[in-house]
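First to last, the sequence lines map onto chains P and A. Numbered per UniProt numbering, the first sequence spans residues 1 to 177. Numbered per UniProt numbering, the second sequence spans residues 1 to 887.
Don't read these hints as lab results, they were simulated from the structure. Heads up, a few of these hints could be off.
[Said to hold, decoys possible] Within a straight-line C-alpha distance of at most 20 Å, the following computed SDA-like cross-link-like pairs (lysine to any residue) qualify:
1. A:K95 / P:G129
2. P:K48 / A:E61
3. P:K23 / A:R132
4. A:K177 / P:W29
5. A:K267 / P:Q93
6. A:K305 / P:K23
7. P:K18 / A:R132
8. A:K305 / P:L3
[As the list claims (entries may be wrong)] Sample of chain A residues lacking proximity to chain P, with all beta carbon distances greater than 10 Å (derived):
9. V35
10. E269
11. V307
12. D754
13. N811
14. A885
[Unchecked claim] These stretches of chain A come out as covered by chain P in the derived footprint (C-beta under 8 Å, 3 or more residues):
15. 58–68
16. 190–201
17. 432–445
C-beta atoms are modelled at their ideal positions from N, C-alpha and C, and glycine is treated no differently.
Residue strings, one per chain:
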Amino acid sequence: MELCPSIKNILLLDSEGKRIAVKYYSDDWPTNSAKEAYEKAVFTKTQKTNARTEAEITMFENYIVVYKFVQDLHFFVTGGENENEMILATVLQGFFDAVGILLRGTVDKKEALENLDLILLCLDEIVDGGIILETDANVVAGKVANHSLDAGAPLSEQTITQALATAREHLTRSLLK
Amino acid sequence: MAQPLVKKDDDRDDEADYSPFLGIEKGAVLQEARVFNDPQLDPRRCSQVITKLLYLLNQGETFTKVEATEVFFAVTKLFQSRDIGLRRMVYVMIKELSPSADEVIIVTSSLMKDMTSKTDMYRANAIRVLCRITDGTLLTQIERYLKQAIVDKNPVVASAALVSGIHLLQTNPEIVKRWSNEVQEAVQSRAALVQFHALALLHQIRQNDRLAVNKLVSSLTRGSVRSPLAQCLLIRYTSQVIRESANNTQTGDRPFYDFLEGCLRHKAEMVIFEAARAITELNGVTSRELTPAITVLQLFLSSSKPVLRFAAVRTLNKVAMTHPMAVTNCNIDMESLISDQNRSIATLAITTLLKTGNESSVDRLMKQITNFMSDIADEFKIVVVEAIRSLCLKFPLKHRSLMNFLSNILREEGGFEYKKAIVDSIVILIRDIPEAKDSGLLHLCEFIEDCEFTYLSTQILHFLGIEGPKTSDPSKYIRYIYNRVHLENATVRAGAVSTLAKFGAMVDALKPRIFVLLRRCLFDNDDEVRDRATLYLNTLGGNGAVVETGEDVKEFLFGSLDIPLVNLENSLKNYEPSEESFDINSVPKEVKTQPLAEKKAPGKKPTGLGGPPTGPPSTVDTYEKLLSSIPEFANFGKLFKSSAPVELTEAETEYAVNVVKHIFDGHVVFQYNCTNTIPEQLLENVTVIVDASEAEEFAEVASKPLRSLPYDSPGQTFVAFEKPEGVPAVGKFSNMLRFIVKEVDPSTGEAEDDGVEDEYQLEELEVVAADYMLKVGVSNFRNAWESMGADFERVDEYGLGPRDNLAEAVNAVINLLGMQPCEGTEVVPNSSRSHTCLLSGVYIGNVMVLVRLQFGIDGPKDVAMKLAVRSEDEAVSDAIHEIVASG
């Protein structure tokens, strides 16, 4: 058994199963077509289930997949068949909630694509090469939001987005205290 | 015509969900990336362009080598900007581009500057990026910073360094191992995740040192580990320690069990579950140990969270295989899960109930399952079918209702895999439960009346041919079979002809009628069907008189082929047409070990219809080719058996050597597979000096040195021994690796001219009796046993002394004999007091051997064994007893 808990991939798909952002940490899917086939299979298998209030779970080939849906977004986390299901669910919840914080509650495909940079950074902060980096959504979101401005830049040069980000950062910081 | 329609559809879709990346195109984005070169950088715009590039990569777009290099160089310019958000995107981009070694140099200095920056975020990310893209040489330069980072005040920085360390340990273990003091300090960190990462790294550094792991576990289980993730790790390490120390403790409590039990009261669910699972997986777990774990899992069954319910029911399902009684307490909770929204949970619940249920609850359960079957997918149905099969084998008296259930679902809609699972189950039930034979065969007959799968039809026809003639009234099957000749495709028709012929050969009373039917088949429009009919009519004597069919004709027509088909196929491919005709006896009979995935499948019963599964290309074949290409060994004759590689060195030593034992009739060849793991060395003239003083019957005849063994490219050297022909000689050999070592300049890769002679002690190697035994399975042990006859049967009883449990004793004997366990009898149900194990194999000299082992525990853990051997040769039967007596 793999001793250190490891994540095989994290997927964020839309309501048709198309990619918003995906990240693979394992060589189980060496080519893009293998990845797409996996995503399609997972999506089809889970599509009809109701994973909106609580995270759901399924066995798939030799993988455990935990997933949760909101609006037209489908979140998935895959682990090996011997992985502790709770750990996978914790990672999923961390990702799900962090995206919620970063998109300020409006969690849908349009908002996710418009803030794709935040989503990608968020993935980067949760798992590094299959090893769990952080699962606390507030900390993850804090780390991602923190980066949206340069402390040295004068306020007048900040754009609206940056100003918003500053505000957001203050908010998350106060949340963290 | 279709074109505009599709387009319209697209348009409508686009309106519905607008995307900022609509119509994005690689070429245009690469053009846009030129803004990275502007003297006045616009951080926001640059961030957007990087996001677009990342979007393209994420969608599966690839950059050519040139494009990637261009983007990479442009991105490196962005280090000039002080915008933190942009820098963050730059880090991600560099990781995605995974630059080549010569490109890495460009960003190294920028990243090293960031690594020593005052901004925590810079330090953390620069470490992760640099460690991802760097190679060993650079690592020594930055090692100092990494060690500092591990004990950094900021948890994000510390975690970044530790996680990078875990990755680097794969490629540069010797460097990472030097950090263990810092890592040890980080284990004490107050930050939860730092503790988790530090513990993971520390354990990986020490994993080959059992004592150190033991110490680590015993110190940490006493203290308090704060992070739930770290606690899960600790539980895993603890169970590993328990597993490895299990053999030493004879009596008393299991070490660390209290720790595991304590974790069941942890506040984090993941820890509780990890501990419960660890307890259920303990070797030889007692029901007292199991109870607290089952109790918490039972609570999880009624949780509102599907993930928890799933985890609990999956674990209980596994427990039910070995300790069905322990799980019965959960049956009520389990039954309510049959209607669970999540079908995975429902299926697991059903199959668990099937395993734990008693004879009286079977009927009630079957009623519930019948309602449930219609609304689950095929893959779940297959699981249920397999569970029902094992239930039926457990309660043969219930075969009527279970067989009815199977035949009902066989008539319903379903895919091939599902139907095959059902048919396989029926076949196994027919074989194992004599009372179920008649009804089972009729169910199968009805099924082929309306079966859309050619494969299943032919398999069933074949099976009917074997079992049908042995029933009380064989004639009733003829109609079903002959109907196939009228109504089916050529493949099925040919199968039906063969089946008819089998009835004709076995049942004399039916002969005249069968011959009439077969003659009609002579006018079939398919060649194969006609050919078969002709062959059978001629060999069975259908040209007039009804005669008794001779044994050898039967054997020729219907006897089993005792050669694995893959091997036969390979031999036929290698055969070149010549004067010498193809000799079927030259085909190797060794059954290949099945792929791991199949072995792992829990509780898999022997395959029903398909026969032996086809494995990967045989290693025997490659060995045979390799050996016959060496002139010194060419006259040794046919290779009898090659053993699995035996390691002669510890893991992670300078030189890794394992040995494969090749057994010939009068010779033994040791093949030493050597790997040189030191980049700065080149080995030449590598030989193994073998001391055979403890192997009297062996005499060294040849040795083939390995001319050169460069770093990391394995090579082989051989030593051959002569031994008395056909005799299973055993002995112990001590080995010494001798070679000339030359220094290699790592930068140029060139070796120096002068070398030094050196030696390296390897571990001992033994040739044991099991080396003279081929693992060859038989498909039906009872038949094989009966047909072998009791002429050369030898029976004796042995005391095996005190053993922990039966399973251990059974394994020990199987390994000692090196034979193939049949019909899954190598698995011993937990806590059983007696067990029968069936083995088959081919002994040197091509003698088939069958063994029936009966074990019993007698008094306090004293295991006694009755060994019955049947073979084609008296001497061999005695030899088997000798192996056991001396082993």
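Results of checking the hints against the structure:
no.	hint	in the structure
1	A:K95 / P:G129	11 Å, holds
2	P:K48 / A:E61	30 Å, violated
3	P:K23 / A:R132	16 Å, holds
4	A:K177 / P:W29	31 Å, violated
5	A:K267 / P:Q93	18 Å, holds
6	A:K305 / P:K23	26 Å, violated
7	P:K18 / A:R132	29 Å, violated
8	A:K305 / P:L3	25 Å, violated
9	V35	16 Å, holds
10	E269	5 Å, violated
11	V307	4 Å, violated
12	D754	42 Å, holds
13	N811	20 Å, holds
14	A885	38 Å, holds
15	58–68	holds (count 4)
16	190–201	holds (count 4)
17	432–445	violated (count 0)
When the structure is compared with the earlier hints, violations turn up for hints 2, 4, 6, 7, 8, 10, 11, 17 and for no others.
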